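Novice: Residue strings, one per chain:
2 protein chains.
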Amino acid sequence: MTIKVGIYGYGNLGKGIECAVNAASDMELTAVFTRRDPSSLKIASKTAKVVSVNDVEAYKDQIDIMILCGGSATDLPVQTPALAKMFNVIDSFDTHAKIPEHFKHVNEAACNSKHVALISAGWDPGMFSLNRLYANAILPDGKDYTFWGKGVSQGHSDAIRRIKGVQDARQYTCPVETALEAVRSGANPDLTTRQKHTRLCYVVLKEGADAAYVEREIKNMPNYFSDYDTTVHFISQEELNRDHKGLPHGGFVFRSGFTGANREHKHIIEYSLKLDSNPEFTAGVIVAYARAVVRLYNEGCVGCKTVFDIAPSYLSPLSAEELRASML
Amino acid sequence: MTIKVGIYGYGNLGKGIECAVNAASDMELTAVFTRRDPSSLKIASKTAKVVSVNDVEAYKDQIDIMILCGGSATDLPVQTPALAKMFNVIDSFDTHAKIPEHFKHVNEAACNSKHVALISAGWDPGMFSLNRLYANAILPDGKDYTFWGKGVSQGHSDAIRRIKGVQDARQYTCPVETALEAVRSGANPDLTTRQKHTRLCYVVLKEGADAAYVEREIKNMPNYFSDYDTTVHFISQEELNRDHKGLPHGGFVFRSGFTGANREHKHIIEYSLKLDSNPEFTAGVIVAYARAVVRLYNEGCVGCKTVFDIAPSYLSPLSAEELRASML
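Residue numbers (this note's numbering), protein chains in the order written: chain A, 1 to 328; chain B, 329 to 656.
Think of the hints as simulated: they come from the structure by calculation, not from any bench. For clarity, every value in this text was computed on a predicted model and none was experimentally measured. Where a beta carbon is used, it is the ideal one built from N, C-alpha and C, also for glycine. Careful, some of the hints might be misleading.
[What the hints assert, rightly or not] Counterexamples of contact, computed for chain B against chain A with all Cβ distances above 10 angstroms:
#: 1; residue: V378
#: 2; residue: K388
#: 3; residue: F431
#: 4; residue: H433
#: 5; residue: R490
#: 6; residue: L528
#: 7; residue: L568
#: 8; residue: E608
#: 9; residue: R619
#: 10; residue: P640
[As the list claims (entries may be wrong)] With a straight-line Cα cutoff of 30 angstroms, these simulated DSBU-like cross-link-like pairs (lysine-lysine) come out:
#: 11; chain 1: B; residue 1: K377; chain 2: A; residue 2: K143
#: 12; chain 1: B; residue 1: K426; chain 2: B; residue 2: K524
#: 13; chain 1: B; residue 1: K471; chain 2: A; residue 2: K245
#: 14; chain 1: A; residue 1: K150; chain 2: B; residue 2: K377
#: 15; chain 1: B; residue 1: K573; chain 2: B; residue 2: K534
#: 16; chain 1: B; residue 1: K413; chain 2: A; residue 2: K46
#: 17; chain 1: A; residue 1: K4; chain 2: B; residue 2: K471
#: 18; chain 1: A; residue 1: K46; chain 2: A; residue 2: K60
#: 19; chain 1: B; residue 1: K426; chain 2: A; residue 2: K150
#: 20; chain 1: A; residue 1: K85; chain 2: A; residue 2: K49
#: 21; chain 1: B; residue 1: K388; chain 2: B; residue 2: K377
#: 22; chain 1: B; residue 1: K547; chain 2: B; residue 2: K524
#: 23; chain 1: B; residue 1: K534; chain 2: B; residue 2: K426
#: 24; chain 1: B; residue 1: K534; chain 2: A; residue 2: K143
#: 25; chain 1: A; residue 1: K150; chain 2: B; residue 2: K524
#: 26; chain 1: B; residue 1: K573; chain 2: B; residue 2: K547
#: 27; chain 1: B; residue 1: K388; chain 2: B; residue 2: K426
#: 28; chain 1: B; residue 1: K374; chain 2: A; residue 2: K143
#: 29; chain 1: A; residue 1: K164; chain 2: A; residue 2: K46
#: 30; chain 1: A; residue 1: K164; chain 2: A; residue 2: K114
#: 31; chain 1: A; residue 1: K42; chain 2: A; residue 2: K85
#: 32; chain 1: A; residue 1: K143; chain 2: B; residue 2: K426
#: 33; chain 1: A; residue 1: K98; chain 2: A; residue 2: K150
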């Protein structure tokens, strides 16, 4: 039976979801829900509808899972609990510190409406979290390291764009190669924020802007840049459009642990991602977990889940027998 | 409530399990079961008993999970189904082609006795299988690569020891660095057996043995060596004891996949292990899954499972709330 999917929000992530749903043999896109005027929105899929978010309730019985593609700051804290009253839902809520609170709200809504919800799918939170959990369970005596990049941080790029005199900007987070190597070698270093990542900024100035002022504002910006070694390059809008329009990302999760009666044996677990398109890869993770949510719902489950609660076999379109024969 | 563990078989893996159980705050080792005379076997744990396998039935109600530490060739196909009639069981059965058959036998026994069993825990099958499944679900359009090593293959070392004139031997499987790099770069190469791994052998000859004969026998041995570039070094027993007594291993699982309307974005997922002690790391995986088996049993589950069927949260001693707050 084909899984009918709704997409709620059509930005970079929504477009990635559309792509991933169309690539999945067991899914079809029913509708994209938008806050914009539906007639103004062109989507890639020919058979799916574009519908105003105001009309979402009419789709209550036509959609097996609603995939939320809004932002974590203001959209998802409101939208995920609200839509969980009508649909099975999945989101990629990524404000780590607020996950317990978000979980509580979504869980209440999903339990009341007898639906299944899954929050915080993606790669961090998501695949990186899973790798931290597995590695900690296997090697209880050890140390965790997470590195991000090289990749575009949209939040940091936005922060630069808000500085007076800046026309456009792209910020890359880069792991420090020597720190990566030290972890990979099993040296178990203690690393400060500055020792783990550098920040690389490409900035287009408005005409007549003060470059020295902009550079100073970036480098001294608290939370975003002041704890890092930051490099600022001023380039033209043409260069930025030509060389920095993609959304690559990635990163590394390590656990370095010990076993043996005298901790005499060292082990390194490393998981890494190199992604040309952050939103399209994130969409791949979300769509696999959307499949799991629908299966759990069909089995009679209710309530909010995270990637920690989902048996891996639920993610695959293959049967348990096929998986054991081909992948175990 | 402390999980009471039995270990069935006390070779390298059994000793690793003992170590991992003693390191787990929520487990205790009740007894080691052996085919040898129990009075001849010294174990590291002071409070656990050493018991003959003939007396195992008397422990039916004293053990929450029996961890089987025998070999896949002849021990586990018999022992796992037999013990699943009396206990929750877990094994590390690793003959990939015979997993469906083994699953069937163990599942029948566990369903009849209303116990939970888990087969093929470890790192391959095990963590590598999980990574194949996750990566295939996320990137359905892509290619898988698995590399093993650098590490000691005990089966290949044994095969060399059976050659006339060989006193002792240690065989290392080594991934070909250029092949690894090609995969990591996203080049999606087609690789033959020979292009992926080399085999490195350290051999101690008996007095008067014919070195040229031994080297020829190794390099031409079908299945084991003839499809690989094999290097043979003759060394003394002292050198072998000094430099090659450990059991290191490891490897790499890659998925290289595409997304986008025109497959224009490339993604690489890499999972790798560097292990000083293959049996102790394998034990770490098995003990985490043993915890999951006991929890499933306590929830009323029955039958045979694999790592694909286990939600990750079951592996950790932390609660779901703690996991969401600390690792997601």
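Novice: With reference to the structure, classify each hint as holding or not holding.
Specialist: Hint-by-hint comparison with the structure:
Remark: the non-interface label on V378/B is consistent with the geometry, its nearest Cβ contact in chain A lying 18 angstroms away (cut-off 10 angstroms). For K388/B, the shortest C-beta to C-beta distance to chain A comes to about 28 angstroms, beyond the 10 angstroms cut-off, and the non-interface label holds. Its beta-carbon lying about 6 angstroms from the closest one in chain A, F431/B breaks the requirement of being farther than 10 angstroms from that chain. Chain A leaves H433/B outside its interface by the beta-carbon criterion, the shortest separation being 13 angstroms against a cut-off of 10 angstroms.
At roughly 29 angstroms, the least C-beta separation between R490/B and chain A is larger than 10 angstroms, which holds for a residue marked as non-interface. Every beta carbon of chain A lies more than 10 angstroms from that of L528/B, the smallest distance being close to 21 angstroms; the non-interface claim holds. No Cβ of chain A approaches the Cβ of L568/B within 10 angstroms, the least distance being about 20 angstroms, so the stated non-interface status holds. Not every CB of chain A is more than 10 angstroms from the CB of E608/B (nearest about 4 angstroms), against its label as outside the interface.
With 10 angstroms as the threshold on Cβ separation, the claim that R619/B sits away from chain A is violated: the shortest Cβ distance comes to roughly 8 angstroms. Against the 10 angstroms criterion, P640/B falls within the reach of chain A, whose nearest CB is about 5 angstroms from its own CB. Under the criterion of a C-alpha separation no larger than 30 angstroms, the hint pairing K377/B with K143/A is inconsistent with the structure, at around 33 angstroms. In summary, the hint linking K426/B to K524/B is supported, as the alpha carbons are separated by about 24 angstroms, within the 30 angstroms threshold.
A C-alpha spacing of about 27 angstroms is found between K471/B and K245/A, which places the hinted pair at or below 30 angstroms, so the restraint holds. In summary, the hint linking K150/A to K377/B is not supported, as the alpha carbons are separated by about 53 angstroms, beyond the 30 angstroms threshold. At roughly 19 angstroms between alpha-carbon atoms, K573/B and K534/B fall within 30 angstroms of each other, so this suggested pair holds. At roughly 56 angstroms between alpha-carbon atoms, K413/B and K46/A are farther apart than 30 angstroms, so this suggested pair is violated.
Between the alpha carbons of K4/A and K471/B the distance comes to roughly 27 angstroms, so the proposed pair stays at or under 30 angstroms and holds. Taking the CA atoms of K46/A and K60/A, the gap is near 22 angstroms; set against the 30 angstroms cutoff, the hint holds. For the proposed pair K426/B and K150/A, the alpha carbon gap of about 42 angstroms is over 30 angstroms, so the pair is violated. The suggested pairing of K85/A with K49/A holds, with an alpha-carbon distance near 22 angstroms, which does not exceed 30 angstroms.
At roughly 15 angstroms between alpha-carbon atoms, K388/B and K377/B fall within 30 angstroms of each other, so this suggested pair holds. Taking the CA atoms of K547/B and K524/B, the gap is about 17 angstroms. The hint holds against a cut of 30 angstroms. A hinted pair counts as satisfied when its Cα atoms are at most 30 angstroms apart, and K534/B with K426/B does not qualify at roughly 37 angstroms. For the proposed pair K534/B and K143/A, the alpha carbon gap of about 45 angstroms is over 30 angstroms, so the pair is violated.
Proposed proximity of K150/A and K524/B is supported: the alpha carbons are some 28 angstroms apart, at most 30 angstroms. A hinted pair counts as satisfied when its Cα atoms are at most 30 angstroms apart, and K573/B with K547/B qualifies at roughly 23 angstroms. A threshold of 30 angstroms between alpha carbons decides the hint, and for K388/B with K426/B the separation of about 28 angstroms falls inside it, so the pair holds. Restraint check: the Cα-Cα separation between K374/B and K143/A comes to about 29 angstroms, which is no more than 30 angstroms; the hinted pair holds.
With a C-alpha separation of about 43 angstroms, the suggested pairing of K164/A with K46/A is violated against the 30 angstroms cut-off. About 50 angstroms separates the Cα atoms of K164/A and K114/A, which puts this hinted pair outside 30 angstroms; it is violated. Of the pairs offered as hints, the one joining K42/A and K85/A holds, with about 28 angstroms between alpha carbons and a cut-off of 30 angstroms not exceeded. A hinted pair counts as satisfied when its Cα atoms are at most 30 angstroms apart, and K143/A with K426/B does not qualify at roughly 36 angstroms.
For the hint pairing K98/A with K150/A, the CA-to-CA distance comes to about 26 angstroms; that is within 30 angstroms, so the pair holds.
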